[in-house]
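Going line by line, the protein sequences match chains G and X. Counting the first sequence from 1 gives a position; the numbering used here is that position plus 16. Counting the second sequence from 1 gives a position; the numbering used here is that position plus 104.
Derived from the structure by calculation, the hints contain no laboratory data. Keep in mind the model is a prediction, meaning the values are calculated, not measured. Among these hints, one or two may not hold up.
Said to hold, decoys possible - Using 30 Å as the maximum straight-line C-alpha spacing, the simulated DSS-like pairs for lysine-lysine come out as follows:
#, chain 1, residue 1, chain 2, residue 2
1, G, Lys124, G, Lys83
2, G, Lys72, X, Lys161
3, X, Lys113, X, Lys175
4, X, Lys161, X, Lys113
5, G, Lys72, G, Lys58
6, X, Lys161, X, Lys118
7, G, Lys83, X, Lys113
8, X, Lys175, G, Lys124
9, G, Lys58, X, Lys161
10, G, Lys124, G, Lys58
11, G, Lys72, G, Lys83
12, X, Lys118, G, Lys58
13, G, Lys114, X, Lys113
14, G, Lys124, G, Lys72
15, G, Lys114, G, Lys83
16, G, Lys72, G, Lys114
17, G, Lys58, G, Lys114
18, X, Lys161, X, Lys175
19, G, Lys83, X, Lys175
20, X, Lys113, G, Lys124
21, G, Lys83, X, Lys118
Said to hold, decoys possible - Stretch by stretch, here's where chain X covers chain G in the computed footprint (C-beta under 8 Å, at least three residues):
#, segment
22, 56 to 69
23, 110 to 121
Backbone N, C-alpha and C define an ideal beta-carbon position, used for all residues, glycine too.
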Amino acid sequence: QKEVEQNSGPLSVPEGAIASLNCTYSDRGSQSFFWYRQYSGKSPELIMSIYSNGDKEDGRFTAQLNKASQYVSLLIRDSQPSDSATYLCAVIGSGTYKYIFGTGTRLKVLA
Amino acid sequence: NAGVTQTPKFQVLKTGQSMTLQCAQDMNHNSMYWYRQDPGMGLRLIYYSASEGTTDKGEVPNGYNVSRLNKREFSLRLESAAPSQTSVYFCASSLGQRAVETQYFGPGTRLLVL
């Protein structure tokens, strides 16, 4: 069983819609969660980090964490074609500071 | 501030050749990491250095060696390249070793082993 799982997509949404990206993890003691965006041929860049249950908002992005269900999600409101990229979920498990990455979800925002 | 830099950007090797990938950061970070990224596999940790003078194996260390030359620089060496090492290699750094630390990535090195 993979430690961090994401649907590979592609997830296609029309411009202006809400894109919802999901990530599940297996280590119940995981403590830190990160969403990275990666454009084709580029390096990952941090969008959001979240450490406690609930929602965390930053502009058009909202990260949601539910530790009991072991999932973390990223909502992108008013999606733009420039949001088209691969979104990587990273989790820091219990007793470590090393990231475990999911394989990423490819998002396509259609103009 | 250049952030994390990597050289070279692209490299083609023949099986059995050796090479060193260079990484440097100017953010005064203590921890540095080497990842490889393959299609459908996500980012996998090869080696990391929690602080200057220390290195440790990650998930996929076989076929690689590392050197933490000083606080700024962390190099990855392939002693005898194999086609299975064809990948994109990313170096990353973080301020420290706490579980809340953000990792910052370099631009990557695209390696093809024939």
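Restraint check for Lys114(G) with Lys83(G), where alpha carbons must lie at most 30 Å apart: Holds, at roughly 19 Å.
Satisfaction of hint between Lys161(X) and Lys58(G), Cα-Cα up to 30 Å: holds, 25 Å
Would you mind confirming whether the straight-line C-alpha gap from Lys83(G) to Lys175(X) stays at or under 30 Å? violated, 36 Å
Against the 30 Å threshold, does the CA-CA distance of Lys83(G) and Lys118(X) hold or violate the hint? Violated, at about 47 Å.
Restraint status (C-alpha distance of Lys72(G) to Lys161(X) at most 30 Å): Violated, at about 33 Å.
Lys124(G) and Lys58(G): Cα distance at most 30 Å? holds, 16 Å
Decide if the proposed pair is consistent with the structure: Lys113(X) and Lys124(G), CA atoms, cutoff 30 Å inclusive. holds, 27 Å
Straight-line alpha-carbon gap Lys124(G) to Lys83(G), limit 30 Å: Measuring from Cα to Cα gives roughly 28 Å; hence the hint holds.
Could you grab the alpha-carbon distance between Lys58(G) and Lys114(G) and see if it respects the 30 Å cut-off? Between Lys58(G) and Lys114(G) the Cα gap is close to 22 Å, so the pair holds against 30 Å.
Within 30 Å, alpha carbon to alpha carbon, are Lys161(X) and Lys175(X)? holds, 18 Å
For the pair supplied as a hint, Lys175(X) and Lys124(G), is the alpha-carbon distance within the 30 Å limit? Since the Cα atoms of Lys175(X) and Lys124(G) sit roughly 39 Å apart, the hinted pair is violated (cutoff 30 Å).
Would the hint linking Lys113(X) and Lys175(X) be met if the CA-CA limit is 30 Å? holds, 22 Å
Of the numbered hints stated above, those contradicted by the structure are hints 2, 7, 8, 19, 21, listed in ascending order.
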